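Participant: Each residue of the sequence shown is one higher than the one before, starting from 1 at the first, in UniProt numbering.
Think of the hints as simulated: they come from the structure by calculation, not from any bench. Given the structure is predicted, the values throughout are model-derived calculations rather than measurements. Built from N, CA and C at the ideal position, the CB exists for glycine as well. A couple of the hints might just be wrong.
[Said to hold, decoys possible] Distance ranges between label pairs, derived from CB positions:
#	residue 1	residue 2	range
1	GLN78	LEU163	26 to 34 Å
2	GLU201	LEU39	44 to 52 Å
3	SER97	GLU119	15 to 23 Å
4	VAL204	ALA235	31 to 39 Å
5	ARG170	ASP96	33 to 41 Å
[Stated by the list, open to error] Computed cross-link-like contacts, SDA-like style, restricted to lysine to any residue with a CA-CA straight-line distance of at most 20 Å:
#	residue 1	residue 2
6	LYS289	GLN254
7	LYS192	THR264
8	LYS107	ARG165
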Amino acid sequence: VHLGRAMGKLQSKISFHTDKYRADGSREETGTVQATRELVPVHTDAVMAVSALTPDLCVSGGRDKSVAISSWRSGAVQQRFVGHQQEVTKVTSALDSNRVFSASRDKTVMMWEFHGTSEPRQHFAGHELVVTGLAVNPEASQLCTGSRDNTICKWDIETGVCLDRATISRNLVTHLCWVPGEPYVIQTSEDKTVRVWDSRELQVAHTFPTKRHIQTSCAVSQDGRLCLSTSSGCAGEGSEATLWDLRQTRSQVQEYRGHFQTTTSCVFLPRDPVLLHSIATVSYDSTVKVWEQDTAGRE
Numbered sequence: 001v002h003l004g005r006a007m008g009k010l011q012s013k014i015s016f017h018t019d020k021y022r023a024d025g026s027r028e029e030t031g032t033v034q035a036t037r038e039l040v041p042v043h044t045d046a047v048m049a050v051s052a053l054t055p056d057l058c059v060s061g062g063r064d065k066s067v068a069i070s071s072w073r074s075g076a077v078q079q080r081f082v083g084h085q086q087e088v089t090k091v092t093s094a095l096d097s098n099r100v101f102s103a104s105r106d107k108t109v110m111m112w113e114f115h116g117t118s119e120p121r122q123h124f125a126g127h128e129l130v131v132t133g134l135a136v137n138p139e140a141s142q143l144c145t146g147s148r149d150n151t152i153c154k155w156d157i158e159t160g161v162c163l164d165r166a167t168i169s170r171n172l173v174t175h176l177c178w179v180p181g182e183p184y185v186i187q188t189s190e191d192k193t194v195r196v197w198d199s200r201e202l203q204v205a206h207t208f209p210t211k212r213h214i215q216t217s218c219a220v221s222q223d224g225r226l227c228l229s230t231s232s233g234c235a236g237e238g239s240e241a242t243l244w245d246l247r248q249t250r251s252q253v254q255e256y257r258g259h260f261q262t263t264t265s266c267v268f269l270p271r272d273p274v275l276l277h278s279i280a281t282v283s284y285d286s287t288v289k290v291w292e293q294d295t296a297g298r299e
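Generate coordinates for the entire structure from the input sequences, incorporating the hints supplied.
Facilitator: Structure representation (structure tokens):
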């Protein structure tokens with residue numbers, strides 16, 4: 001799958017492989033159909049972050065300082081929020097909630113309400129540098145943020161009050177994600193580590209073995225048992241994704257190598273009759289790769 005952006009247009013090219021799968025698992029090639037859809041751009045500048053809101057809607061943030069909720073099917077913008085003074089760096093939301101959160105280079109986080117007013121419902125200020133990590137618990141009652149100022153903060157969503165703050169030297173946060181059904185938050189950092197935070201006391205519960213390169217992003221499986229992290233890299237050195245066990249062993253399970261430049265993001269794919277236990281990674285090398293989770297084989 002290749003995603004490209006044309007001048008003044010948002011363009012996606014999707015290859016549909018009409019292969020037939022036999023009972024023994026082998027594949028019969030029957031041809032490829034090319035389809036191209038052109039959609040009206042949602043943002044007027046680069047899109048910096050995107051997250052699922054519902055099965056039909058996604059929330060995105062861009063260098064145009066705006067946050068947009070749009071239909072991924074039609075591209076139509078359902079609602080737009082403007083309030084940040086600089087580019088939006090991260091967006092997230094709690095499933096089955098109308099609350100949307102955005103982080104920005106202006107050092108703040110804002111909460112918006114879908115179908116509400118265009119004004120922010122809550123404002124979270126306290127970081128000294130750009131906010132680069134954003135995670136909300138499934139109940140949408142608590143928020144954790146991280147920054148290049150080496151701090152992790154926990155906030156009360158209703159009041160906007162900072163409940164706790166933790167600082168670790170050289171811990172330049174790159175991403176945060178909440179573990180479903182648990183009080184734990186996964187964090188990646190420019191210090192090449194992946195940390196597991198206990199949000200109750202905002203203390204590090206576990207640190208995985210240090211990698212060789214900056215850890216750029218993370219994701220957690222729906223069952224909360226596994227997490228992924230991605231690495232920076234260049235010319236085939238680094239750029240891997242790593243699968244970690246979040247259970248008692250808390251060890252490295254698998255590595256996925258094949259990107260030639262920094263791998264910037266990762267996701268556990270929904271289970272599918274064809275793509276059982278698969279993950280996807282994206283990279284500065286202009287590719288999206290889908291991997292078999294257990295074997296690191298590419299689909």
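Participant: If you check each hint against the structure, which ones fail?
Facilitator: Result: no hint breaks.
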